[in-house]
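So the sequence lines, in the order shown, correspond to chains A and B. Each residue of the first sequence is one higher than the one before, counting from 1 in the numbering used here. Each residue of the second sequence is one higher than the one before, counting from 1 in the numbering used here.
Be careful, since some hints might not be right.
[What the hints assert, rightly or not] Computed beta-carbon distance windows for the label pairs:
{"hint": "1", "chain 1": "B", "residue 1": "PRO214", "chain 2": "A", "residue 2": "LYS121", "range": "30 to 40 Å"}
{"hint": "2", "chain 1": "B", "residue 1": "TRP23", "chain 2": "A", "residue 2": "TRP78", "range": "47 to 57 Å"}
{"hint": "3", "chain 1": "B", "residue 1": "TYR22", "chain 2": "A", "residue 2": "LEU87", "range": "50 to 60 Å"}
{"hint": "4", "chain 1": "B", "residue 1": "TRP23", "chain 2": "A", "residue 2": "LEU114", "range": "29 to 39 Å"}
[What the hints assert, rightly or not] Which bits of chain B does chain A cover? Going by a derived footprint, with three or more residues having C-beta under 8 Å, they are:
{"hint": "5", "stretch": "152-158"}
{"hint": "6", "stretch": "195-207"}
It is worth saying that the hints were derived from the structure and are not from the lab. Just so it is clear, CB atoms sit at the ideal spot from N, CA and C, and this is done for glycine as well.
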Amino acid sequence: MAQKIILNNREDFVRKLKDLINGGVPADKIDAQYPYPVHEVEKILGRRPGPVRYFTLIGAVTGFAAGFGLTIYTVLSWPMITGGKPLISIPPFLLIAYILTILFGSVAAFAGFLFVSILPKIGRLFAPLPEAGNRFIITIREGNQ
Amino acid sequence: MQRNERIEREILSAMKRPGALYWIALFFCGSVFIVGMLFWGHQLKTGLGVAGISHPVAWGVYITNFVFWVGIAHSGTLISAVLFLFRAKFRTSFNRAAEAMTVFALMVAGLFPLIHLGRTWVFYYLLPYPSQRMIWPNFRSPLVWDVFAISTYLTVSLIFFYVGMIPDLAIMRRRFTGIRSRIYQVLSLGWEGRLGEWRNYEQLYLFLAAFATPLVASVHSIVSWDFAMSILPGWHTTIFAPYFVAGAIFSGTAMVITLVVPMRKVLSLEKYITVDHIESIAKILLFTSLIVTYAYIVEPALAVYGKNPFEIEAFRYRAFGDYSPLFWTMILCNSILPLTLFIKRLRRNIIFLFILSLLVNVGMWLERFVIIVSSLARDYTPYAWGTYHPSLVEVGITLGGFGLFFSAYLIFLKTLPVLSITEIKERSDGTKNHSE
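Construct the entire structure; sequences and hints are all you get.
The structure is reproduced here in structure tokens:
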């Protein structure tokens, strides 16, 4: 059975979390629900940053490569000199690569966020939700749950 | 707890059933938009000849509108992304309104190159895809950079706008009933505010802000290169990119004031958008006005010191030629009137700021017009000179763009939370001690 602690404000919530950790409750047994970001939580639970950053990095690198790939491939597939510039003109192609870095990076970050947080949750989209409202809820899982 | 409940109630009360004034405003803006679209239909049917653009001035008010609206979009990103990275607290009062403004302004901006094409239905020639024609866009052309820059900017802005709203949508599904609650529930993706969700969310928001921040500088630089990459006197200068970016933030900040001042009054949000917050925005306005003024001085100075007769003539013509009334109005609105913001009393006077912001909008629209048209009207060969006046169709479509923007904004006011409820809760928690 999981134990639920309901608190009404941020200070109590942070204090309770600290007490729990100091009292020997393992951090991975603790789940919480709160109405707005509380930055101390990560520090108290001693968690490392989540994996969204890897999605972002992969997206950004892919975008950069795609930018150069697209421009260089297309210019070579129809090799026509315009404006007396070299076929593979790095400065203008760099712009496309730069823009696609941002585009792919942002889209990948968003997709990664949805994937890692398992959103949208189909079950929660239509069923009536148990609401937390403005309360701070700490759930402590017991045993091997 | 009670305070958070109160914040939710007060902000969402802005979304209650609208009064007559709202409907009149929406009807008016919607009508202007529809009339503009009728003019566009006329242009599509008859051909681009109904517009005043022709040789030598082939870029007229359509491109002016495009540059103007892209510029308006910029301060939205500045307020939401750059000020987020700088942890400027006053951003919370504006960011949602400013992000919405960015999205709507980009939608309007994106329409104008399509309108300007004349044969709008072949717009896909600009997109890179393997086609039967076996040719690809020329990636050395600034116009293709523009396609990439604007579509990326719109995509990233939309994601940023939506992601910022997810926790608020979750609040709204609880606060509303019936079909509206259902819609907000689906839009909120089943957000519950759990530990893991917040953790990924905060990381995502930081990344999006970090991606959007360079866009503030790059998108309008790329728009400016549409001009600066040419060899036309008056366009071909290296100062264009920073000059356009400062102008973009300047005009966008003015538009934020234009939108937020009436919004705060009509929706009774004075408690959340205080005079102090508006004063901070006014300082950004003053600062960017000074940068723009500096660019106005540097441009002719470069021409004179460069000793290029064509360049000198371009700036003489701009100030004293056919379009000189527009030029001097622009100087008045963008450089001289904003200097009043050095006076603290005026910075904190909401009515004064509102009127000033309207004048800055006018001035910045004229700036784009003056730059584009006066350079094209007089290039190198006197044989190819000519002047340009917008036709009725162009004026109608221009007004239609404004109609679309304000209609979209009015609909936003009644369908989505105009302030970020979650961030305001967070802010008020950090500043005051609990008494509840």
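So which of the earlier hints does this model not fit? Of the numbered hints, all hold.
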